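Please construct the entire structure, taking both the sequences and the accompanying hints into account.
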Amino acid sequence: MSMPQGVILFPSIHFALRAEKLIKQKGISHKLIPVPRHLSSDCGVCMRIPWEKKEEALGILAEAGVKVDGVHPLGN
Amino acid sequence: MKEKIIYFDNAATSFPKPEEVTKAMVHFSREIGASPGRSGHRLAVEAGRIVFGARERISQLFGGKDSSRVVFGLNATEGINQGLKGLLRHGDHLITSSMEHNSVMRPLRALMKEGLAVSILPCSQEGFLDPSGVKKAIRQNTRMVVLNHASNVVGTIQPLAEIGEVCRRQGVLFFVDAAQSAGAVPIDMEREKIDLLAFTGHKALFGPQGTGGLVLGERVDEKELVPVKRGGTGSRSEQEEHPDFLPDLCESGTPNTVGLAGLLAGLEFVIKVGIEKIRHHEKRLTERLLRGLGEIGGVTVYGPGTAEKQLATVSFSIQDVAPSEVGLRLDEEYGILCRLGLHCAPAAHRTLGTFPQGTVRFGLSYFSREEEVDEALRAVGRIARREA
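Quick mapping for you: the protein sequence lines, in order, are chains A and B. Under the working numbering, the first residue of the first sequence is numbered 1, with each subsequent residue one higher. Under the working numbering, the first residue of the second sequence is numbered 1, with each subsequent residue one higher.
These are calculated hints, taken from the structure and not from any lab test. Any given hint might turn out to be false.
Unchecked claim - Chain B regions said to be covered by chain A (calculated; three or more residues, Cβ under 8 Å):
id: 1; segment: 15-28
id: 2; segment: 229-239
id: 3; segment: 245-253
Computed from a predicted structure; not experimentally measured. Beta carbons are placed, not taken as given, at the ideal position from N, Cα and C, and that holds for glycine.
Encoded structure:
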């Protein structure tokens, strides 16, 4: 059974890539994926993470000053 | 077989580039190719990683803390235009030096017509700006000091830290044009108290032409920064208002990603070799060149005349032989390629006393060799002695 997933949205790819670097360093599983259409009409990428890691990930990003646009659970 | 040449025009653009630079550009063209920050597929993300990587390396090289404050453009000129036009307003006062390149002088001339007051401070004949002169010139409405870090004509390296200190104390923004110096001498925006730094990718950072930009320090308020162009950024696509955050604020339209792939490789080369080592090599060659030129009768060398105080850019003239004539003979008879005449900096030539005839300029690089310097010296000697 797969764990519930969520996505973190960013203002631009610059912040998505900064986030990727930081999240990778902390060993949290993650993947950059296209932004789901129902969440935003942006043409960029967002970061998919296990939903249970949301708080930890947001904490890391806030500490590093990475701008975040929002965080959303992904439906099955 | 290829004819042997000695390329001494590195102050215009560096050549050759490290092999890694060419490889990175070919790799991008063959294997990646996509548009960075647009679409969400794997190749778009890969392209985004290249631009991001170049941004991080630029930030690292200049002691920046936040790579989102590095904005890319075509060259240093675009960075300078963004910094000047983006921040200066009607009624502001700006201070600059008589050693500036036209990349600074021309935007300033246009801004003066729109109500900017400009003080152009004279420099010494070697091209140095006196920090105490800057302090005296600061007025209540002085917003910025803009200064060429190292002269493109004679290589003179300005005392940045002292001038930065004056600016910081007086609450004036310090804008440095590092087109010639970035990659050739260490620069630390924190240590030298630089608020804006314009750089080019294609000189001492060994990237290809069409890469450059601007680094914004913490004291530059992005809310006050007006972008010189607006357009698609790949972000906030649902809005027709331009994004208000960096780097997107100052970067519109598809970037030169293949160029930035080359610049990233160039930056990694510079970081791997180390700027200290690059500087050491160039200083040694400059010393050799200056000594050699000094021993040739009829040759006048301009600028500081000592490698410690200048880049590996040396300007000289030969008595009674026009620079264009010297250049033609160097090229045709000796395969030595250099720059002649006025080097896009008329005020600098007036300061040095070389206006309007200009100079012959040898611009060396990390890839220049001792034998090339010696061969060039022999050639200059023969031309000066009127030998065939």
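Do the hints match the structure? See the list:
no.	hint	verdict
1	15-28	violated (count 0)
2	229-239	holds (count 6)
3	245-253	holds (count 3)
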